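J.: Build the full structure now, drawing on both the sequences and the hints.
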Amino acid sequence: MRRLLDFLYDSAAALAALFMVGLLGMVLLSIASRQFHFHVPGTDAYAGYLMAAAGFLALAHTLKRGEHIRVTLLLNFLKGGAKKAFEIWALAIATLLAVLFAVYSCKLAWQSHEFHDISTGSDATPLWIPQIAMAVGTVILAIASIDELVLEVMNKRAEAHPGEALRNE
Numbered sequence: 001m002r003r004l005l006d007f008l009y010d011s012a013a014a015l016a017a018l019f020m021v022g023l024l025g026m027v028l029l030s031i032a033s034r035q036f037h038f039h040v041p042g043t044d045a046y047a048g049y050l051m052a053a054a055g056f057l058a059l060a061h062t063l064k065r066g067e068h069i070r071v072t073l074l075l076n077f078l079k080g081g082a083k084k085a086f087e088i089w090a091l092a093i094a095t096l097l098a099v100l101f102a103v104y105s106c107k108l109a110w111q112s113h114e115f116h117d118i119s120t121g122s123d124a125t126p127l128w129i130p131q132i133a134m135a136v137g138t139v140i141l142a143i144a145s146i147d148e149l150v151l152e153v154m155n156k157r158a159e160a161h162p163g164e165a166l167r168n169e
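Numbering-wise (the UniProt record's numbering), the sequence shown opens with residue 1 and increments by one.
Simulated from the structure, these hints should not be mistaken for laboratory data. Treat each hint with caution, since some may be false.
Said to hold, decoys possible - Quick list of the computed label-pair ranges, beta carbon to beta carbon:
hint: 1; residue 1: K79; residue 2: F115; range: 46 to 56 Å
hint: 2; residue 1: L73; residue 2: P126; range: 39 to 49 Å
hint: 3; residue 1: K156; residue 2: A32; range: 42 to 52 Å
hint: 4; residue 1: M154; residue 2: R70; range: 19 to 29 Å
hint: 5; residue 1: T72; residue 2: M1; range: 27 to 37 Å
hint: 6; residue 1: F115; residue 2: I88; range: 37 to 47 Å
As the list claims (entries may be wrong) - Straight-line C-alpha distance at most 20 Å; calculated DMTMM-like pairs for lysine to aspartate or glutamate:
hint: 7; residue 1: K107; residue 2: D117
hint: 8; residue 1: K84; residue 2: E152
hint: 9; residue 1: K83; residue 2: E152
hint: 10; residue 1: K79; residue 2: E152
This structure is a prediction, so every number in the text was calculated from the model and none was measured. No residue lacks a Cβ here, since even glycine has one placed at the ideal position from N, Cα and C.
T.: In structure tokens, the structure reads:
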């Protein structure tokens, strides 16, 4: 099961990276179209869709690598059982929020599909298409949050050491 979950998180991160490359392509196309006086409609909208997709799909991978911003001021003062209880409480709240975010993101994409909601920009994209990436990303984040909570309760959770982030703060 651990290998499957890690594969899920890594696959979402790889997909996020592909969306970042697509975002770069959209930005470069937009710049080139201005420089060479031709118009490609929707480049700004698609760049936004790709940026949102990359951000949401990377959330779970970032959580599992300990790279999310955490306020550790209180955690540093707690020891033993109090620290563990606080970690479980914080992870339970984070899991609840992630699950709610996932439910409502999926509901939003479904409703956009049902109502045939389209972008107001010149691209007129059906909004459920870019919203799928948000829904998938939030569902994977909810799975990762549940995973972290279960690992913490079972005393198998590795302490987050983000490494590079600590050196850059």
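J.: Which of the listed hints are not met by the structure?
T.: Result: no hint breaks.
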